[in-house]
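There are 2 protein chains.
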Amino acid sequence: MNIKGRNYHTIWVHPENDKIIQVIDQTALPFDFKIKNLTSEKDAYIAISDMIVRGAPLIGVTGAYGIYLALLNCRDENNFREYITERAGYLKSARPTAVNLAILIDEILDPVMQCNTLTDAVKVAFHKAAELKEREIEWSEKIGNFGCNIIEEIYNNKGETVNILTHCNAGWLACIDWGTATAPIYKAARKGIPVHVWVDETRPRNQGARLTAWELKEEDIPHTIISDNTGGHLMQHGMVDMCIVGSDRTTVTGDVANKIGTYLKALAAHDNGIPFYVALPSSTIDFSLTDGIGQIPIEQRAPEEVMWMEGKLKSGKTDQVKIVPDGCKIANYGFDVTPSRLVTALITERGICSANRKNIEQLFPDLSL
Amino acid sequence: MNIKGRNYHTIWVHPENDKIIQVIDQTALPFDFKIKNLTSEKDAYIAISDMIVRGAPLIGVTGAYGIYLALLNCRDENNFREYITERAGYLKSARPTAVNLAILIDEILDPVMQCNTLTDAVKVAFHKAAELKEREIEWSEKIGNFGCNIIEEIYNNKGETVNILTHCNAGWLACIDWGTATAPIYKAARKGIPVHVWVDETRPRNQGARLTAWELKEEDIPHTIISDNTGGHLMQHGMVDMCIVGSDRTTVTGDVANKIGTYLKALAAHDNGIPFYVALPSSTIDFSLTDGIGQIPIEQRAPEEVMWMEGKLKSGKTDQVKIVPDGCKIANYGFDVTPSRLVTALITERGICSANRKNIEQLFPDLSL
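Protein sequences appear in the order of chains D and H.
Note that our numbering has the first sequence beginning at 22, numbered continuously upward.
Note that our numbering has the second sequence beginning at 22, numbered continuously upward.
In case anyone wonders, no lab produced these hints; they're calculated from the structure.
Among the hints, a few may not be true.
Repeated chains share a single entry, so a pair holds when one copy, or any two copies, can fit it.
[Said to hold, decoys possible] Each computed DSSO-like pair below joins lysine-lysine, with the alpha-carbon atoms no more than 27 Å apart:
| hint | residue 1 | residue 2 |
| --- | --- | --- |
| 1 | 338 | 350 |
| 2 | 55 | 335 |
| 3 | 55 | 238 |
| 4 | 238 | 144 |
| 5 | 55 | 343 |
| 6 | 163 | 238 |
| 7 | 238 | 350 |
| 8 | 63 | 144 |
| 9 | 338 | 25 |
| 10 | 212 | 40 |
| 11 | 179 | 350 |
| 12 | 25 | 350 |
| 13 | 40 | 338 |
| 14 | 57 | 238 |
| 15 | 113 | 25 |
| 16 | 25 | 343 |
| 17 | 343 | 333 |
| 18 | 350 | 55 |
| 19 | 149 | 40 |
Given the sequences, and given the hints that come with them, work out the whole structure.
Written out as structure tokens, the structure is:
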């Protein structure tokens with residue numbers, strides 16, 4: 022997508038040196054736009070663990086390029102298979118909870134292990150990583166096109182700007198391009214459908230205000246940042262036509278784990294008769310789970326995320342301020358579960374389906390258990 | 022209530038000089054504890070307009086003491102009635118939307134205008150202001166005692182710590198003592214009932230994290246600060262036994278306008294079968310309104326409140342950081358309306374009543390239209 026009018030992916034091969042992988046440094050956004058060079062698997066590991074890259078699809082592709090970089094740096098031609106197996110384990114440990122990372126690393130390892138020489142392995146890894154990257158883009162685009170149809174239908178009925186509320190960042194920064202929740206919005210905008218996005222700030226890490234708003238601004242999509250408390254009021258007053266969010270994990274019965282606060286917006290949408298969509302690639306569906314609230318473990322994160330707020334001082338310097346009184350206890354749950362009864366439909370790379378077991382299994386018979 | 026073990030009100034007469042009124046400077050909390058001296062009606066005006074004092078009951082009493090200070094400073098004994106009438110208009114304009122301010126100023130003006138001499142008027146104003154202050158404390162205590170019975174009942178059924186979620190600051194800092202939503206909590210704690218309070222941060226002005234958490238900490242009430250997104254998850258997992266919030270305006274039919282985000286918590290409470298109480302003095306009931314969502318105008322506030330965050334730098338200095346990208350639009354609605362169907366009951370100074378017209382009018386026949 023566009024940044025200052027120029028097209029970017031979140032990760033790419035250096036145009037003049039294919040031994041360097043480049044990524045957008047997401048820790049600096051939106052205050053600074055920096056590109057980071059990765060030249061070793063250690064660089065890839067740090068990029069993932071320090072959240073220079075984030076979002077399941079992007080983490081997975083970064084891991085795959087990490088395998089390529091590891092092979093480039095391999096000095097023991099005769100034992101490259103043992104070497105890369107060990108390095109793969111290292112890369113997988115960069116964020117152990119993101120299942121996507123391990124899956125993509127395994128996918129790239131498979132053809133690499135069948136190579137006879139290290140030179141071949143490097144070539145194969147390079148092409149496989151590019152292939153995995155392209156697949157992520159393709160999935161995002163498909164989600165975008167299916168979701169765009171929904172937006173277009175609302176527009177055709179309403180005849181004026183479609184107001185869409187989103188929570189957190191399920192944007193192209195979390196993917197390679199297009200995003201998941203944002204993909205339908207970008208597709209609709211490029212098709213000339215007038216859209217306006219209500220961007221939930223998304224405390225405590227503020228991915229909505231920091232990343233989604235920045236993405237939308239760079240793509241010239243009309244949008245308004247709101248505190249997370251605001252969506253219910255907007256829905257009561259007819260100022261929201263639909264909600265679209267992403268998902269970190271979805272049960273086969275259609276319960277959706279997503280950034281904390283998603284459930285509250287789904288309740289408000291339901292209470293006001295507003296459709297609530299979840300955009301997700303099938304890789305986030307856990308076909309072994311049937312009860313989201315009971316079975317999906319919710320990560321508790323560091324209290325510092327609530328305690329400190331990062332931003333720019335009047336001087337222009339980026340700094341952090343402590344926003345709670347000394348000595349107060351803080352709890353920081355990362356996700357919540359929206360029960361399927363509150364989800365209008367899932368928007369996947371294979372099409373739109375209702376959030377229930379029958380429809381999900383019908384759309385993904387090959388993935389069902 | 023207690024601050025560092027010493028008992029305070031939010032406003033009081035200087036113990037050694039009754040020409041000085043003292044208030045806690047709430048703009049400095051929780052980072053600094055400062056006391057401000059008011060020696061003129063201009064000081065009172067600034068204290069109200071700059072939010073050194075805040076909360077309808079406290080604003081009203083500060084306005085009343087402003088009348089006393091104005092009379093103290095009156096230099097024209099023969100025309101003190103004209104003088105004080107003009108000064109009353111000035112004081113009322115400090116925050117024109119807070120109806121409480123105008124009401125209390127009119128209440129103190131009434132006996133003042135009947136005085137024959139300025140000396141008498143000063144004395145009468147001094148005593149009337151103290152009387153109005155005492156009435157606010159009495160109302161808070163009554164709300165506290167009625168609400169405490171609810172907490173005690175939950176405790177008797179549960180047999181362990183009662184977990185209470187609150188939003189914003191309807192605490193003693195907004196009143197003179199005890200608070201509204203917090204009064205039942207303080208009363209329960211002093212009765213030995215084990216309570217724990219989930220404190221919503223309350224973006225964008227963070228009155229929960231800044232004021233409610235600070236109040237509770239100083240009173241040694243166990244509490245945990247959470248982002249506003251968190252309450253739904255806690256309720257899904259049985260970690261909340263009841264919610265108590267305050268109200269800025271309540272319709273005669275029981276719809277409640279309160280800090281933005283209250284509606285989302287009420288929805289989550291309803292979805293999880295958790296009682297949702299609103300604590301309010303009868304002065305916030307607008308007996309002329311029957312439809313909260315349709316009739317209560319919702320104030321839009323400055324985008325800067327969402328854009329900038331105040332806190333302490335690592336150096337210990339208080340400063341602000343800008344937390345949104347440059348050039349993004351922001352909306353900042355101050356309140357939302359919780360429909361009466363989501364309110365379990367109202368806790369008032371006359372007792373507990375259901376959130377419907379019949380019960381509200383039964384409890385307040387003298388105030389009904």
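Quick rundown of the hints versus the structure:
For the homomeric pair residue 338 and residue 350, the shortest alpha-carbon distance between copies (22 Å) is at most 27 Å, but the shortest distance inside one copy (29 Å) is not. For the homomeric pair residue 55 and residue 335, the shortest alpha-carbon distances inside one copy (21 Å) and between copies (25 Å) are both at most 27 Å. Only within a single protomer do residue 55 and residue 238 lie at most 27 Å apart by alpha-carbon distance; the minimum there is 17 Å, versus 42 Å between protomers. Proximity of residue 238 to residue 144 under the C-alpha cut-off of 27 Å is found in neither arrangement, the shortest distances being 38 Å within a copy and 61 Å between copies.
Taking the closest pair of Cα atoms, residue 55 and residue 343 come within 27 Å of each other both inside a single copy (26 Å) and across two copies (19 Å). In this homomeric assembly, residue 163 and residue 238 come within 27 Å of each other (Cα to Cα) only inside a single copy, at 23 Å, whereas the closest approach across copies is 52 Å. Within a single copy, residue 238 and residue 350 get their C-alpha atoms only as close as 36 Å, which misses the 27 Å cut-off; across copies the closest is 9 Å, which meets it. In this homomeric assembly, residue 63 and residue 144 come within 27 Å of each other (Cα to Cα) only inside a single copy, at 20 Å, whereas the closest approach across copies is 78 Å.
For the identical chains of this complex, residue 338 and residue 25 are intra-copy neighbours only, at 22 Å inside a copy versus 35 Å across copies, given an alpha-carbon limit of 27 Å. Taking identical chains as interchangeable, the C-alpha atoms of residue 212 and residue 40 are never at most 27 Å apart, the minima being 37 Å within one chain and 70 Å between chains. Taking identical chains as interchangeable, the C-alpha atoms of residue 179 and residue 350 lie at most 27 Å apart only when they sit on different chains, with a minimum of 24 Å there against 47 Å within one chain. For a Cα distance limit of 27 Å, the shortest separation of residue 25 from residue 350 across copies, 18 Å, qualifies, whereas the shortest one inside one copy, 42 Å, does not.
Taking CA atoms no more than 27 Å apart as the test, residue 40 paired with residue 338 passes in neither setting, with 34 Å inside one copy and 46 Å between copies. Only within a single protomer do residue 57 and residue 238 lie at most 27 Å apart by alpha-carbon distance; the minimum there is 22 Å, versus 44 Å between protomers. When the C-alpha separation of residue 113 and residue 25 is checked against a cutoff of 27 Å, the pair qualifies neither within a copy, at 34 Å, nor between copies, at 50 Å. In the homo-oligomer, the alpha carbons of residue 25 and residue 343 lie at most 27 Å apart only across protomers (21 Å), although the nearest pairing inside one protomer, at 32 Å, exceeds that limit.
In this assembly of identical chains, the alpha carbons of residue 343 and residue 333 lie at most 27 Å apart whether taken from the same copy (14 Å) or from different copies (5 Å). In this assembly of identical chains, residue 350 and residue 55 lie within 27 Å of each other by CA distance solely across copies; the values are 24 Å between and 35 Å within a copy. In the homo-oligomer, the alpha carbons of residue 149 and residue 40 lie at most 27 Å apart inside one protomer (15 Å), although the nearest pairing across protomers, at 82 Å, exceeds that limit.
In this structure, the earlier hints numbered 4, 10, 13, 15 are contradicted, and the remaining ones agree with it.
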